[in-house]
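Visitor: Sequence:
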Amino acid sequence: MTLTPKQLERYRRNIDVPGLGVDGQEKLLEARVLVVGAGGLGSAALPYLAAAGVGHLTVADGDDVELINLQRQVLHVDLGVNKAVSAADRLRRLNGDVVVDVVPEMLTRESAAELMTGHDLVLDCCDTFGAKFMLSDAAQQVGARLVWAAAVGMQGQCSVFGVPTSNGRELWLRDLFPVEPDQADYPRAIEIGVLGAMVGQMGSLQATEAIKLITGIGEPLVGRLMILDALRARWDVVDIRPPSR
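Each position in the sequence shown, counted from 1, maps to that position plus 342 in this note's numbering.
Any given hint could be a false lead.
Here are the in silico distance ranges between beta carbons for each label pair [as the list claims (entries may be wrong)]:
#1 506 with 459: 27 to 33 Å
#2 571 with 505: 22 to 28 Å
#3 436 with 408: 20 to 26 Å
I should point out that these hints are in silico values taken from the structure, not numbers from a laboratory.
For each residue, glycine too, the CB sits at the ideal point set by N, CA and C.
Based on the sequences and whatever the hints tell you, model everything.
Guide: Next comes the structure, spelled out in C-alpha coordinates:
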(Lines of atoms letter the chains of each structure in order from A; the text may use other names.)
(Lines give C-alpha, C1' and ligand atoms only; values in the text may rest on other atoms or scores of the structure.)
Protein backbone atom coordinates (compact mmCIF):
# COMPACT_ATOMS: atom_id res chain seq x y z
CA MET A 343 0.00 0.00 0.00
CA THR A 344 1.02 3.64 -0.45
CA LEU A 345 0.61 6.10 2.40
CA THR A 346 -1.55 9.13 1.70
CA PRO A 347 -0.23 12.63 2.48
CA LYS A 348 -2.51 12.68 5.54
CA GLN A 349 -1.12 9.37 6.76
CA LEU A 350 2.45 10.54 6.21
CA GLU A 351 1.70 13.48 8.48
CA ARG A 352 -0.27 11.49 11.06
CA TYR A 353 2.37 8.78 11.46
CA ARG A 354 5.44 10.98 10.99
CA ARG A 355 6.83 10.30 14.47
CA ASN A 356 6.48 6.55 13.86
CA ILE A 357 8.15 6.82 10.48
CA ASP A 358 11.04 8.79 11.98
CA VAL A 359 11.88 5.98 14.43
CA PRO A 360 15.18 4.44 13.22
CA GLY A 361 14.51 1.17 11.44
CA LEU A 362 10.73 1.61 11.19
CA GLY A 363 10.27 4.06 8.31
CA VAL A 364 7.53 4.12 5.70
CA ASP A 365 7.88 0.37 5.12
CA GLY A 366 7.22 -0.35 8.79
CA GLN A 367 4.23 1.99 8.86
CA GLU A 368 2.76 0.24 5.86
CA LYS A 369 3.19 -3.09 7.66
CA LEU A 370 1.32 -1.68 10.67
CA LEU A 371 -1.57 -0.49 8.53
CA GLU A 372 -1.81 -3.92 6.88
CA ALA A 373 -1.61 -5.86 10.16
CA ARG A 374 -4.43 -7.73 11.85
CA VAL A 375 -4.11 -8.02 15.64
CA LEU A 376 -6.37 -9.87 18.07
CA VAL A 377 -6.50 -8.46 21.60
CA VAL A 378 -8.17 -10.72 24.16
CA GLY A 379 -9.23 -8.64 27.15
CA ALA A 380 -10.19 -4.97 27.22
CA GLY A 381 -9.55 -4.43 30.94
CA GLY A 382 -6.47 -2.94 32.57
CA LEU A 383 -3.84 -4.30 30.16
CA GLY A 384 -6.07 -3.83 27.14
CA SER A 385 -6.91 -0.25 28.13
CA ALA A 386 -3.26 0.65 27.61
CA ALA A 387 -2.33 -1.66 24.74
CA LEU A 388 -5.36 -1.02 22.52
CA PRO A 389 -5.21 2.78 22.16
CA TYR A 390 -1.47 2.68 21.48
CA LEU A 391 -1.97 0.05 18.79
CA ALA A 392 -4.78 2.06 17.23
CA ALA A 393 -2.85 5.33 17.43
CA ALA A 394 0.19 3.64 15.85
CA GLY A 395 -1.98 2.72 12.88
CA VAL A 396 -2.46 -1.03 13.28
CA GLY A 397 -5.00 -1.37 10.50
CA HIS A 398 -7.29 -4.06 11.89
CA LEU A 399 -7.96 -4.76 15.54
CA THR A 400 -10.26 -7.43 16.93
CA VAL A 401 -11.26 -6.94 20.57
CA ALA A 402 -12.64 -9.91 22.51
CA ASP A 403 -14.12 -9.56 26.00
CA GLY A 404 -17.29 -10.90 27.58
CA ASP A 405 -17.37 -8.62 30.64
CA ASP A 406 -19.31 -5.39 31.16
CA VAL A 407 -17.79 -2.20 32.56
CA GLU A 408 -18.22 -1.84 36.35
CA LEU A 409 -17.43 1.07 38.63
CA ILE A 410 -14.59 -0.86 40.30
CA ASN A 411 -12.90 -1.19 36.90
CA LEU A 412 -12.48 2.53 36.25
CA GLN A 413 -9.48 2.93 38.59
CA ARG A 414 -7.31 1.25 35.95
CA GLN A 415 -9.41 0.50 32.86
CA VAL A 416 -9.13 4.01 31.48
CA LEU A 417 -10.40 3.14 27.99
CA HIS A 418 -13.95 3.02 29.36
CA VAL A 419 -16.40 5.70 30.46
CA ASP A 420 -19.92 4.27 30.53
CA LEU A 421 -20.96 1.64 33.06
CA GLY A 422 -22.87 -1.49 32.08
CA VAL A 423 -21.51 -1.58 28.52
CA ASN A 424 -19.69 -4.63 27.21
CA LYS A 425 -15.96 -3.90 27.39
CA ALA A 426 -15.21 -4.96 23.81
CA VAL A 427 -18.01 -2.72 22.52
CA SER A 428 -16.90 0.18 24.73
CA ALA A 429 -13.27 -0.20 23.64
CA ALA A 430 -14.18 -0.36 19.96
CA ASP A 431 -16.17 2.87 20.19
CA ARG A 432 -13.21 4.75 21.69
CA LEU A 433 -10.71 3.26 19.24
CA ARG A 434 -12.76 4.16 16.18
CA ARG A 435 -12.94 7.77 17.40
CA LEU A 436 -9.21 7.76 18.07
CA ASN A 437 -8.18 6.70 14.56
CA GLY A 438 -10.46 6.36 11.57
CA ASP A 439 -7.77 4.40 9.69
CA VAL A 440 -8.36 1.43 11.97
CA VAL A 441 -11.04 -1.21 11.43
CA VAL A 442 -12.23 -2.56 14.78
CA ASP A 443 -14.13 -5.83 15.09
CA VAL A 444 -15.86 -6.83 18.31
CA VAL A 445 -16.25 -10.24 19.92
CA PRO A 446 -18.42 -9.48 22.98
CA GLU A 447 -18.01 -12.85 24.67
CA MET A 448 -15.55 -15.00 26.57
CA LEU A 449 -13.49 -17.19 24.26
CA THR A 450 -13.09 -20.92 24.50
CA ARG A 451 -9.98 -22.74 23.31
CA GLU A 452 -11.83 -23.66 20.11
CA SER A 453 -13.17 -20.17 19.36
CA ALA A 454 -9.83 -18.58 20.28
CA ALA A 455 -7.92 -20.87 17.92
CA GLU A 456 -10.37 -20.11 15.12
CA LEU A 457 -10.04 -16.34 15.66
CA MET A 458 -6.25 -16.48 15.85
CA THR A 459 -5.91 -18.01 12.39
CA GLY A 460 -7.18 -14.78 10.84
CA HIS A 461 -4.67 -12.54 12.62
CA ASP A 462 -0.96 -11.82 12.45
CA LEU A 463 -0.53 -11.52 16.19
CA VAL A 464 -2.40 -12.02 19.48
CA LEU A 465 -2.17 -10.03 22.72
CA ASP A 466 -3.12 -11.78 25.95
CA CYS A 467 -4.63 -9.01 28.07
CA CYS A 468 -6.63 -11.36 30.31
CA ASP A 469 -6.49 -11.29 34.10
CA THR A 470 -6.77 -14.94 35.14
CA PHE A 471 -4.30 -17.80 34.81
CA GLY A 472 -7.04 -20.06 33.50
CA ALA A 473 -7.68 -17.76 30.54
CA LYS A 474 -3.95 -17.28 29.95
CA PHE A 475 -3.22 -21.00 29.76
CA MET A 476 -6.19 -21.47 27.45
CA LEU A 477 -4.96 -18.73 25.10
CA SER A 478 -1.40 -20.01 25.07
CA ASP A 479 -2.57 -23.55 24.32
CA ALA A 480 -4.80 -22.26 21.50
CA ALA A 481 -1.95 -20.18 20.08
CA GLN A 482 0.37 -23.16 20.19
CA GLN A 483 -2.27 -25.26 18.43
CA VAL A 484 -2.46 -22.90 15.44
CA GLY A 485 1.08 -21.46 15.56
CA ALA A 486 0.04 -17.90 16.45
CA ARG A 487 2.49 -15.39 17.88
CA LEU A 488 1.43 -14.30 21.37
CA VAL A 489 2.39 -11.24 23.43
CA TRP A 490 1.71 -12.20 27.04
CA ALA A 491 1.57 -10.06 30.18
CA ALA A 492 0.33 -10.29 33.75
CA ALA A 493 -0.02 -7.62 36.42
CA VAL A 494 -1.12 -7.55 40.05
CA GLY A 495 -0.36 -5.37 43.03
CA MET A 496 2.79 -3.45 42.07
CA GLN A 497 4.35 -6.17 39.91
CA GLY A 498 4.08 -7.11 36.26
CA GLN A 499 5.57 -9.56 33.77
CA CYS A 500 5.74 -9.69 29.98
CA SER A 501 7.09 -12.07 27.34
CA VAL A 502 6.59 -13.13 23.72
CA PHE A 503 5.60 -16.70 22.88
CA GLY A 504 5.39 -18.59 19.61
CA VAL A 505 8.45 -17.00 17.99
CA PRO A 506 11.56 -19.17 17.51
CA THR A 507 14.44 -18.46 19.89
CA SER A 508 18.06 -18.37 18.73
CA ASN A 509 18.14 -22.18 18.90
CA GLY A 510 14.98 -22.46 16.80
CA ARG A 511 12.62 -23.53 19.56
CA GLU A 512 9.26 -21.86 20.16
CA LEU A 513 8.38 -21.29 23.82
CA TRP A 514 4.91 -21.07 25.36
CA LEU A 515 3.39 -20.23 28.71
CA ARG A 516 3.74 -23.84 29.89
CA ASP A 517 7.51 -23.51 29.41
CA LEU A 518 7.43 -20.70 31.96
CA PHE A 519 4.81 -22.25 34.25
CA PRO A 520 4.59 -26.00 33.46
CA VAL A 521 1.43 -26.49 35.50
CA GLU A 522 -1.43 -24.04 35.91
CA PRO A 523 -1.16 -22.86 39.53
CA ASP A 524 -4.02 -23.20 41.95
CA GLN A 525 -5.75 -19.90 42.72
CA ALA A 526 -4.67 -20.24 46.35
CA ASP A 527 -1.01 -20.27 45.28
CA TYR A 528 -0.73 -16.85 43.63
CA PRO A 529 -1.86 -13.34 44.61
CA ARG A 530 -4.91 -11.85 42.91
CA ALA A 531 -6.06 -8.26 42.54
CA ILE A 532 -9.19 -9.03 44.56
CA GLU A 533 -6.88 -9.81 47.51
CA ILE A 534 -3.91 -7.42 47.23
CA GLY A 535 -5.17 -4.78 44.82
CA VAL A 536 -3.56 -3.58 41.61
CA LEU A 537 -2.13 -0.15 40.79
CA GLY A 538 -3.68 1.21 37.60
CA ALA A 539 -0.58 3.08 36.46
CA MET A 540 1.52 -0.08 36.80
CA VAL A 541 -0.94 -2.09 34.70
CA GLY A 542 -0.72 0.70 32.13
CA GLN A 543 3.05 0.24 31.95
CA MET A 544 2.63 -3.45 31.18
CA GLY A 545 -0.06 -2.87 28.57
CA SER A 546 2.12 -0.25 26.90
CA LEU A 547 4.99 -2.73 26.90
CA GLN A 548 2.74 -5.25 25.16
CA ALA A 549 1.90 -2.68 22.48
CA THR A 550 5.60 -1.95 22.00
CA GLU A 551 6.42 -5.64 21.59
CA ALA A 552 3.54 -6.05 19.14
CA ILE A 553 4.75 -3.13 17.01
CA LYS A 554 8.29 -4.57 17.00
CA LEU A 555 7.00 -7.97 15.87
CA ILE A 556 4.83 -6.48 13.12
CA THR A 557 7.52 -4.18 11.73
CA GLY A 558 10.49 -6.47 12.33
CA ILE A 559 12.55 -3.94 14.27
CA GLY A 560 14.53 -4.45 17.46
CA GLU A 561 14.73 -7.54 19.66
CA PRO A 562 11.39 -8.79 21.01
CA LEU A 563 11.11 -10.53 24.37
CA VAL A 564 11.57 -13.96 22.84
CA GLY A 565 12.91 -16.48 25.32
CA ARG A 566 13.06 -13.73 27.92
CA LEU A 567 10.76 -12.53 30.68
CA MET A 568 10.66 -8.85 31.61
CA ILE A 569 9.66 -8.23 35.23
CA LEU A 570 8.56 -4.93 36.74
CA ASP A 571 8.79 -4.28 40.47
CA ALA A 572 7.10 -0.88 40.49
CA LEU A 573 7.33 -0.53 44.27
CA ARG A 574 11.13 -0.53 44.07
CA ALA A 575 11.30 1.11 40.62
CA ARG A 576 13.16 -1.86 39.18
CA TRP A 577 13.01 -3.70 35.86
CA ASP A 578 14.67 -7.10 35.40
CA VAL A 579 14.98 -9.38 32.38
CA VAL A 580 15.57 -13.09 32.89
CA ASP A 581 15.98 -15.94 30.43
CA ILE A 582 13.18 -18.47 30.27
CA ARG A 583 14.69 -21.87 30.93
CA PRO A 584 12.00 -24.49 30.36
CA PRO A 585 12.28 -27.86 32.09
CA SER A 586 14.09 -30.58 30.19
CA ARG A 587 11.93 -32.75 27.99
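Visitor: Does each hint hold? Answer for all of them.
Guide: A quick look at each hint next to the structure:
1. 506 with 459: 27 to 33 Å: Given range 27 to 33 Å: violated, Cβ gap about 19 Å.
2. 571 with 505: 22 to 28 Å: 26 Å Cβ-Cβ, so the 22 to 28 Å window holds.
3. 436 with 408: 20 to 26 Å: holds, 23 Å
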